[in-house]
Amino acid sequence: MMFLPALNRMWAIALRHGRQLYTDPLRFLNGFFWPLLDITIWGFNAQWVQQQFVHDPRIQCAMLAALVGWQVARRAIIDVSFHLYEEMSDRNIANMFASPLSLVEWVGGITILSAVNVVATLFICLVGIKMLYGFNLLALFGLSLLPFLITLFIAGLAFGFVSAGPLFIWGRRVHGFIFVLCWIFAPFSGAFYPITILPPWWQLIARILPLSYLIDGMRFAVMTGIMPWSLWSIGFVLSLFYYVILFAVFTLLFMHSKKRGLDRLAD
Amino acid sequence: MNKDFLSDEHMINRALASINRMWAVSLRHLRQMRGDIGRLIHIFYWPFMDLTVFGFMASWVQQDYAQDTNLLFVILVAMVAWEIVARANMDVSIHFLEDIMDNNVVNMFASPLSLREWAGGILMLSVVNVTVLFFFCVLVIELLYRLNILVIGFAIAPFLFNLFIAGLAIGFFATGLLVYFGRAFLGVMYMMGWFFSPFSGAFYPIEVLPYSLRIIAQTLPLSYAIQGIRLLVQHGTISWRLWTISLLMSSIYLVCSLIFFARMFSLSKRKGLARLSD
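So the sequences go chain by chain: A and B. Start counting the first sequence at 1; every next residue gets the next number (my numbering). Start counting the second sequence at 1001; every next residue gets the next number (my numbering).
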């Protein structure tokens, strides 16, 4: 039973951040305000576009489904980087890694926490969509979109390492980059429009990222009712590829940073 | 009473000293902005991101479904209008927050600087920032979509002015809460402006909202001003009625939120301004 203590430590990390996240009213508010805002702005926008210009009743549904896909990825990206920032600003990072906790276990703990957060975000999105626009995405598509959402979660964690990277190099001072590096993927994610509208260079970037395949797949599934498994497999393979590569880079940055002293990151 | 105290020369000197202090407040923040990537990101990155995601969305809809409309142009202009509101709002609250973070609030208000002068200084700063932001947006739209929004001409300026005032009103309201609750309010401060965005009519005309939400939108000056801009862009007519309504409402809201800010400030001062930085 070698792995039980490791699981225990992962759970401890999830709990340490989860307690803070779900008991502090301001943090909690932060967790559901932004997804709900996106649902409101983009949903009414889609409704207007549908009524005035498109006259296709599926378009609002497709735009909202794509947006929900982005919310999953966004939540995972922010969870990885923001909680790393919190360890730094609480001056906890040196203590934490002086304990038997390894970086893999920390990431594991954050993954558990983020999975809970993503489910909560999905719930908020679904309730928001039901209340504002009167349709239930869960009833319409059931769990058929779940493979896409899970893969988006993996991709989100992978890009979370990108968003957290600068923190390991420059410390908590650069916390502004967390959100900047999270949103830098948004124009290429295809969450707000199909990527074919982008200029050629932008499209190229979008095509090497997994998000566009997955979110395009979700939009396709909503518009046609057919599951585009080919898009999903490309997205899945790319997500795993990026996860492995970016996690390796993240670990290297951590080791490099540890050699220079983790405590300096808290300044 | 000393007659000399009320002489013209004395009054002018006092006014000049006051303007000097306002300028100092602007300069303190402007200087800090230079070379600080975090602050530059706030001014340029987020508007750029908004213009990108909304603009490409609009160009997708226009290209695939509505080729004979100017949907893209309308959405982009409304976005620029919203960016001005957001900028004016953030300029007020983020600079106060900066002083809190720098442990500077106590020092600042222990000096001869009055609250009114601080607000004046921030106003000057915000005018500079909003102007820079506007031309930055024009440039981004030109580069990404090959559209020139300056073709609307100066007729848009009165509406943007109202939106600027409305943005300041939101900003001073948020800062009123910030000055009382301190750093803990930071998260809500960022939400404050966006809380009004679904009701602003910048992302869609407010007619699309359900009745209960439309009522809220109608109590805000943003929706009138942005509706005016939409009319201007779509039909080329300036609706002075919408302009007057939004100007009146913005001014009333600004006065109210300034009073609120001053009240909260004096309440907070009594409790001690140093506690804000904890």
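In case anyone wonders, no lab produced these hints; they're calculated from the structure. What you are looking at is a predicted structure, and each value in this text was computed from that prediction instead of being measured. For each residue, glycine too, the CB sits at the ideal point set by N, CA and C. Treat the hints loosely; a few may be bogus.
Residues of chain A placed beyond 12 Å of chain B at every Cβ, according to the derived structure [what the hints assert, rightly or not]:
1) R27
2) G108
3) F179
4) G190
5) T224
6) L246
7) L253
8) R264
Quick look at which bits of chain B chain A covers, simulated, 3 or more residues with Cβ under 8 Å [stated by the list, open to error]:
9) 1027-1041
10) 1121-1130
11) 1271-1277
Status of each hint after checking the structure:
no., hint, verdict
1, R27, "violated, 7 Å"
2, G108, "holds, 27 Å"
3, F179, "violated, 9 Å"
4, G190, "violated, 10 Å"
5, T224, "holds, 15 Å"
6, L246, "holds, 22 Å"
7, L253, "holds, 19 Å"
8, R264, "holds, 19 Å"
9, 1027-1041, "holds (count 3)"
10, 1121-1130, "violated (count 0)"
11, 1271-1277, "violated (count 0)"
Violated hints for the displayed structure, listed by number in ascending order: 1, 3, 4, 10 and 11.
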